[in-house]
Every structure is written in C-alpha cells, then in structure tokens.
Amino acid sequence: MNEKIKKALEKIAMEESYAIEVRGGLDARDNDDDDFKEVSVWSLQRMLERAYELGKTSK
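With our numbering applied, the sequence shown covers 34 to 92.
Hints in this document: simulated from the structure, not taken from any laboratory.
Just so we're clear, the structure is a prediction, and the values are computed from it rather than from any experiment.
You may find that some hints are simply not true.
Unchecked claim - DSS-like, lysine-lysine: derived pairs with alpha carbons at most 27 angstroms apart:
| hint | residue 1 | residue 2 |
| --- | --- | --- |
| 1 | Lys39 | Lys70 |
| 2 | Lys44 | Lys70 |
| 3 | Lys70 | Lys37 |
| 4 | Lys39 | Lys89 |
| 5 | Lys40 | Lys70 |
| 6 | Lys89 | Lys44 |
Unchecked claim - For each label pair, taking beta carbons as the anchor points, the in silico distance ranges come out as:
| hint | residue 1 | residue 2 | range |
| --- | --- | --- | --- |
| 7 | Lys89 | Asp68 | 25 to 31 angstroms |
| 8 | Tyr85 | Glu36 | 17 to 23 angstroms |
| 9 | Lys89 | Arg62 | 17 to 23 angstroms |
| 10 | Asp67 | Lys89 | 27 to 33 angstroms |
| 11 | Phe69 | Thr90 | 18 to 24 angstroms |
| 12 | Asn64 | Lys40 | 18 to 24 angstroms |
Glycine residues also receive a C-beta, built at the ideal position from the N, C-alpha and C atoms.
Required output: the full structure, derived from the provided sequences and hints.
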C-alpha cells in the first residue's frame, strides 16, 4: 500500500471517529490505552464504505 492511500485511509478514520481524531492518527504506539480504542459500529461501517469507494476510484 502506498503512502497516498495510507494517508487517505487515515483521513477517513479520523473524520469518522472522534476517538481516532483525538488520538492523532493510526500509527501504532505499542500502548494498549493508545492502540485499542472503542469505535461505534456505525462509524466502522462508514469507514469501510468510504475505504471501498476509495479503492474503486484509485484504480
């Protein structure tokens, strides 16, 4: 996966989840409190839908 796609996915996650936005991104920090966040199922669904659409348009 290239950096452009990684950044786009991180942007989607941060826009759809306040917990991820406040955390400041998706990079692992090797700390359970930082790496394991609660995410609502509707936010997760929206992230997956947007990632799917990103994949369709990135080809």
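Here's how the hints hold up against the structure:
Of the pairs offered as hints, the one joining Lys39 and Lys70 holds, with about 19 angstroms between alpha carbons and a cut-off of 27 angstroms not exceeded. Note on Lys44 and Lys70: the hinted pairing holds, with a Cα-Cα distance of about 16 angstroms set against a maximum of 27 angstroms. About 24 angstroms separates the Cα atoms of Lys70 and Lys37, which keeps this hinted pair within 27 angstroms; it holds. Distance hint between Lys39 and Lys89 is fulfilled; the C-alpha atoms sit about 15 angstroms from each other, no more than 27 angstroms.
Annotation: proposed proximity of Lys40 to Lys70 holds, straight-line Cα distance about 19 angstroms (limit 27 angstroms). Restraint check for Lys89 and Lys44: satisfied, since their Cα atoms lie roughly 17 angstroms apart, inside the 27 angstroms limit. Taking the beta carbon of each, Lys89 and Asp68 are about 29 angstroms apart, inside 25 to 31 angstroms as hinted. Judged by the Cβ atoms, the range 17 to 23 angstroms given for Tyr85 and Glu36 holds: they are separated by roughly 20 angstroms.
Remark: the range hint 17 to 23 angstroms for Lys89 to Arg62 is contradicted by a beta-carbon distance near 31 angstroms. Range check, Asp67 to Lys89: Cβ separation about 32 angstroms, and the 27 to 33 angstroms hint holds. Against the hinted window of 18 to 24 angstroms, the Cβ-Cβ separation of Phe69 and Thr90 comes to about 31 angstroms, which falls outside the hint. In this structure, Asn64 and Lys40 meet the distance hint of 18 to 24 angstroms, their C-beta atoms being roughly 23 angstroms apart.
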